[in-house]
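Peer 1: Sequence:
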Amino acid sequence: MPLQQGGYMTLTQLGVAFWHDLAAPIIAGIIASLIVNWLRDRK
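According to my numbering, the sequence shown is numbered sequentially starting from 2.
It is worth saying that the hints were derived from the structure and are not from the lab. For glycine and all other residues, C-beta sits at the position ideal for the given N, C-alpha and C. Treat each hint with caution, since some may be false.
[Stated by the list, open to error] For each label pair, taking beta carbons as the anchor points, the in silico distance ranges come out as:
#1 Asp-42 to Leu-12: 41 to 49 Å
#2 Arg-43 to Thr-13: 38 to 46 Å
#3 Ala-18 to Asn-38: 27 to 35 Å
#4 Trp-20 to Arg-43: 30 to 38 Å
#5 Thr-13 to Lys-44: 44 to 52 Å
Work out the full structure, taking the sequences as your base and the hints as a guide.
Peer 2: In structure tokens, the structure reads:
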């Protein structure tokens, strides 16, 4: 059963694509800030 019917994306697929596009940089930024804060606290 193909997820794409008629060559267009469903709202769910669009939502997942946008979520991944937004979540990746957000998560990377959170991890980076956690590491920076952790390094700062060690001094």
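Peer 1: Determine for every hint whether it applies to the structure shown.
Peer 2: Consistency of the hints with the structure:
no.: 1; hint: Asp-42 to Leu-12: 41 to 49 Å; verdict: holds, 43 Å
no.: 2; hint: Arg-43 to Thr-13: 38 to 46 Å; verdict: holds, 43 Å
no.: 3; hint: Ala-18 to Asn-38: 27 to 35 Å; verdict: holds, 31 Å
no.: 4; hint: Trp-20 to Arg-43: 30 to 38 Å; verdict: holds, 34 Å
no.: 5; hint: Thr-13 to Lys-44: 44 to 52 Å; verdict: holds, 47 Å
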